[in-house]
Structure formats: C-alpha cells, structure tokens
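In case you want the letters, here they are:
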Amino acid sequence: MNLKKKREALREELAPVISNFLFHTNEDPVNEQKEYIKLKIAIREKLRYPEFRKTLGEILYDLQKDVSGEVRERLLILYRELELHHHSLERLNSWRWEVVSKGIRELTEMEVEETFLLIAKKINHRLAVVRRQAELATVKLSPKGINKILDTAKYPISEWQQLKIIEALGTIENFEPPRFKSWLLSPNNDVVLFALRLMRHYNQNDAETAIIELVKHKEDIIKKEALECIKYFGFTRSLSSLKQIFSGLSNGVKIEVLNVFGELGTDADLPFLYHIKGIEQEYFVHSKVLATINLILPDSELPTSDIEKFKSELPKNLEEVTVKGDDEEIYNFVEWSKSITPTKETPIETEDVTDDIASSVSELDKETSDTLDEHLSLVSTSENDNTAVQPKSFEDNYSNLDLDSREKLLDSIEDFGDSREQEHLEVIVEKEENSELRFRAFHILKRLQDFKNRVNSNDVEEKASEEEESFNANEEGFLHESMHSIFYRLFQKAADDNAKKILLVEMQPVGDEKEIPFLKRLLRTEAKTLHSTVKETLSIIEKRLDYEKDEPKIEEEHSPAKEPSANENRISLEMFSLYEEIGISPAQDTLDFEPDFELSGTIAERIEPKNPKDV
Amino acid sequence: MENKKILFAEDDQMLASLLVYRLRKEGYQVNQIHDGKAVKEALEQGIPDAIVCDVMMPYFSGIELIDYVRNELKSDVPIILISAASNDENILSAFKMGANDFIPKPISPNELSIRLAKELSRVSV
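As they're listed, the protein sequences go chains A and B. If you use numbering that gives the first Met the number 0, the first sequence corresponds to residues 0 to 614, in order. If you use numbering that gives the first Met the number 0, the second sequence corresponds to residues 0 to 124, in order.
Keep in mind the hints are simulated off the structure, nothing from the lab. All C-beta atoms, glycine included, are put in the ideal place defined by N, C-alpha and C. Be aware that one or more of the hints could be misleading.
[Stated by the list, open to error] Not the full set, but computed from the structure, chain B residues with beta-carbon under 8 Å of chain A:
#1 ASP11
#2 SER16
#3 PHE94
#4 ILE106
#5 PRO108
With the rest of the complex left out, here is chain A (with noise of 0.2 Å):
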C-alpha cells in the first residue's frame, strides 16, 4: 500500500473519531462517554508517530474551512489540545519559503494565537510573499497586530496590502484601533501612507497640524494622501499653507491641491483661484482650476472651446409664420414671442444715456417699438401674470429663428433699435453662423457703441455747446436720417479715409436732401481728415438743392412734365377705375405711361368722387 492510499485510509479511519469528538457532550450516553475516552487513550498513543500527528493536522485545518459555529471552535480548540500546531510552528524555520508561507497560513487559520509573535518577526522577511503573509497573520491572530506591523516594518507596504490589512482590521471584535498619529514620523513612507489612510479610515483627525505639514513631503504619494485627509476632515486651516506652496506642486499635486479647495474653499479664495487660472498654463491644471472656481461659484466659467450651436426644434405655431417682410406676419412671430418670452417683468438695465436717448426716438412708432422690445424679450407681454414660465433668453430665442426672421430682426434693430439693443447685438455678433448678418450686426453694434462712446465723453465735457447738446439730443434721429442716405451702406464698407474720400467726390454731383444729414454725423464721427471733403461736399450739395428749390416754381409753371416720383410712377385708382370703365387693359409699360390730354368733364366726374366713401 502506497503513501498516499495508507493516507485515504487513515482519514477514513479518523472521520468518526474526529466527528465524535467535535460532538462529544456530558450528557451524552454512558456507552458514548466511554467510547470518547477510548478513544481519546488511542489517539493519545497514535500522537507519537509523525505521520499520524501530520495527518491529523491536515484533517482539522480541511475540515475547520468547511465548519463554522459552535463545531469550528471545538476543532481549533481539539487541534491546539492535541499540540498539532507545533508541526505548523517547526514549518517557520524552514529556509523553504513555501514551507514557511504553509506554516504561517495553517497557525493563521487554526487561530494559534500564542504564535503571533513568531509570525510578526517575518513582516521584515526578505521575501515579498512571506512578508505580506505575515503582516496579515499577524493582525488576525492578535488585536496588537497592526501596531507591530506600524513599528517594525522596514519594506513596502503596497496599496493591495494596505486594503487587506484594513479588511482583516475589520474583522476582530472589538477592535480598538491605536492612535495612529504616532506612525506619521515613520522613517518608512509606506507606513506614514498606511497611517494616513488608517486615520482617515478611523476617522481620526487628531493630527490636523502634522497632516498639513505633510503637504510639503518631498513624495507626492504621501502630499496626495495629505490633502485626501484635509479634505475627509475639513482642516479648513491648511488653506492659506496650500496657497503659499501651491506654485512649487507637481501637476498631479495641484490638481488634489484644487479638489480640496473646491471641497472646502470659499468666495475668499476665489482671489488666489482666479490668480492661478490666469498664469496657468498646464491644461488639466487650468481645467481644473476652472472647475474649482465653478465649484465656489457655480456657472461662473462656462465651456467656451469647441461648442457646436444646436438649433432646437422650432414651436408648433412658428410653423404658421412664414416672415417675408410684411406687417401681418412680423405680428404673427411676435405672437410666437410673446408664447415663449417671459411673462415675468423683466428689469432693465437703463444708463441715463439710454434714457436720453428713449426720449429722442420717442417719434418712432410706439407700437413699432413695443413690438421690437417684445421680440427682444425685453419686456414682459403681460405685467400683472407672475406665474411666470422661466423666461427664455434672446440668445436662446435668436438660435431658434431661421435665417429670414433673423435678417427680418436686424432689419428691425437697425431700422429702429437703440443702444439697448447693444446686448442683443452682441450676442448675435458672436453666436450668428451667417457671415453677411454676422457683418451687418458687427457694423450696428459699432455704430451704437460709438454714439454711446460720444455721448458719454460728452457728459464728462458737461456738454460744451447747444448744438452739441442739441446733438445728443437729436443724434438717433440723425442715426436714423443718415441711413436713409444711399452713400451709407457704401461709407460703412469703405476700407479707408481714400476710399471715404472717394466716396464723398462721387457725392458731390448726385447727392439729394438725404445726403445731408448723413454728411452732418459724418462731420462727428469721422476722423478730421475727412472733414474737409464732408464740409466741401455738403457745401456743394447744399447749393444746388437751395438752386433746385428756387427752380421747381419754374418749373411747375414752365415745364409740367416734372420728374416723377417712385409713387407718383404707378397708376392711380382713378386711372384703374377708367381703365375698367372704358375696358382696356393697360400694357405693362403703360403703367407707367403719363397722360399729357385732358378728360372730358362727363368722364371726369364720373371717375372723380366727391365723397371719398364712394371709391
């Protein structure tokens, strides 16, 4: 019979014997009680021969994994009665590593706890594997464990180990964890972590000023682990310390440095935040630190790079609107504002200027401007309604408009608005996607600016003449009249004072009335090298209409063929009507033909009503 089969039969052999013992009892039956002790005699005997005692071992520590309860405490307390741990404890001195990690682990798990001493003096052991199953023999088998371990080890202790060591911590009874303050002086950096996790983990925060202090070790390990635990146990007072070494951190320390001021910073340091945000330059830290500011202040940096616009879906009763141009349908969208704009009486922010300016453009149509405010979301449609919807802003608003509506809406702005759309234009310089609106938004918000610029520094002047103040006072409504003006458009796109200049030459011969209040704000807004040709040309232009008003008296006697108008071009109702009467059809051309031949009286009574109601 081989070794291993003498082995089975043993174990055999044994199963009822052990069994018996592990559930022996006093009150058991006599004949039971006597057989206990037979068998108690036998063994005793067998004990004496190694391979039965090796055996026996094996049996009790296989057998103490699968058990638990009250029949596991008997085996450990059979195993260590019939000193089957000695085996296990001759194991320890074996120069076999193997055997030495077998010794450890059964004395570990037949819970031999006199032997914890034994086991601890391997935590220093020159293998990794040995040393790693000492440590955690040794904080199973002995409450003091951890200490020992704190104390006396000289290697690493890596971040794996920490956690199961922390894991077996949490498994004795009535574990009274040590003040683990004392280990952060450890010449050895691992065991200065481990109590620095092991505080946090006990929540010990009795060491606030060594923990700050320890934000200036020279292992950024041990810095991070530092700032974890300021942070866990809120030593609001490392701030200032933070601030002072902040510049000399590694990256990945200033980034745990800023996590701890976005835990427990305040408005106060948003000063040193927004320092560090401004000279900066490594991206994560810069990122980080924006965050950290958010954290404090939140939305106060919002994501600027690599933002797509998305164009929400339009409302329902949008669909209805097809803006091309007329009144009807400009009302139909401003319907659609009013759905979507704040029903909340929104403030507006109004400079003196700005009510200078209100009062200057009070000849606009006032239901013009109330619907261009509305389109604004300037204003709330309704004062009195405060169960308000949150109000949407014009940003929000512009991007949902298609590309009429929002060239309808400049049109609108320029035609009508004032600086208080200033914001608005802003918004639609930076956020609109069509190069050419984007241009024309550019060029009225400069143009709102400069006016204001003007106006401003002309209060610091106090306002030096009339006609000044009667040009601040007017200056919108000149705003206004110098559009109207053909040479405008051409002007703002001019590159230079040449080309103004140019432009002004070419004035000359055809300017018109409309001309003169646009060369009037030129004389104030343009450099003074252009004043000279300004003053010449509205010189010029000024003659010859004072010469063309004189004349058209003549004119109108002499020569009735006068140059008609755009309006006086097409053809009149009463002409409409004749036509109809007399059932021609006018060709095209003759739209704008122009009778030189009188009616007759019948006719012309017929087509002329004395009472307009009869048209």
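With chain A held as given, fit chain B onto it using these hints.
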C-alpha cells in the same frame, strides 16, 4: 425526527462524516453517498424523506439531481443544497430548479439540523 430517511450526498468525505454523524445523533436514518451516480442509484431504490446534496459532485451535480428528482421522478421531496460557491447566481438557479433550501459553506452542523427539521415538518403538515 426518528426514522426519517435522509439521502446525504457530499463528495468531501470528512465533512460528510461530520455532518452525517451529527444528523444520526439527531435520530435520522442517513444514507451517506459520495458521488452523483450513487445518488441516482439510491433514488431508484426509493425516494427518501429529504435530500441534502452538495452542488459540486462528481458525475451528477446538485442542480442535475434536482432536475432528475423533480422532472423524472416527479417527486416533491425536500431538497437542501449546500455549496461553497454561494454567489447569487448559484442560489437563484438552485431555487429556480426547485431546491427547497440552500446552505452556503462553511456550514454549521447545527444550522443544517435546524433547516432540515423545518423542511421535514413543512412536508408533514
């Protein structure tokens, strides 16, 4: 619980001996078997009052045993599974197949005794 017949199937001989010893001490008639084949043969001889079975056994796993008992033998005999692999998936599949109870290892002999008694009393009611 005297004279109740228990079929005990566990391939770990030491553990089986220990638990069977405990059950016999309680008064059960325990048929101790070490592999799946023997379990099947024993069941062909007759259905016991309860079956205690390890999930991992040679030839015939505990799950297969449940399937055999429930679907082929059409028996409602209480079956208690014991296993070291006590993850949720194993436990749920055991109950889905028709196990009456599941005891994870390491096992307390006292706990097994109590649970077995409970299952038997439930059947007798």
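B:SER16 as chain A interface residue, shortest Cβ-Cβ below 8 Å: holds, 4 Å
Minimum beta-carbon distance criterion (8 Å), B:ASP11 to chain A: holds, 7 Å
Mind checking the CB of B:PRO108 against every CB in chain A and telling me if the closest is under 8 Å? holds, 5 Å
Would you check whether B:PHE94 satisfies its interface hint, that is, whether its CB is within less than 8 Å of any CB in chain A? With Cβ-Cβ at 22 Å, over 8 Å, it is violated.
When the least beta-carbon distance from B:ILE106 to chain A is tested against 8 Å, hint result: Holds. Min distance 6 Å.
Checked against the numbered hints listed earlier, the structure breaks hint 3 alone; every other hint is satisfied.
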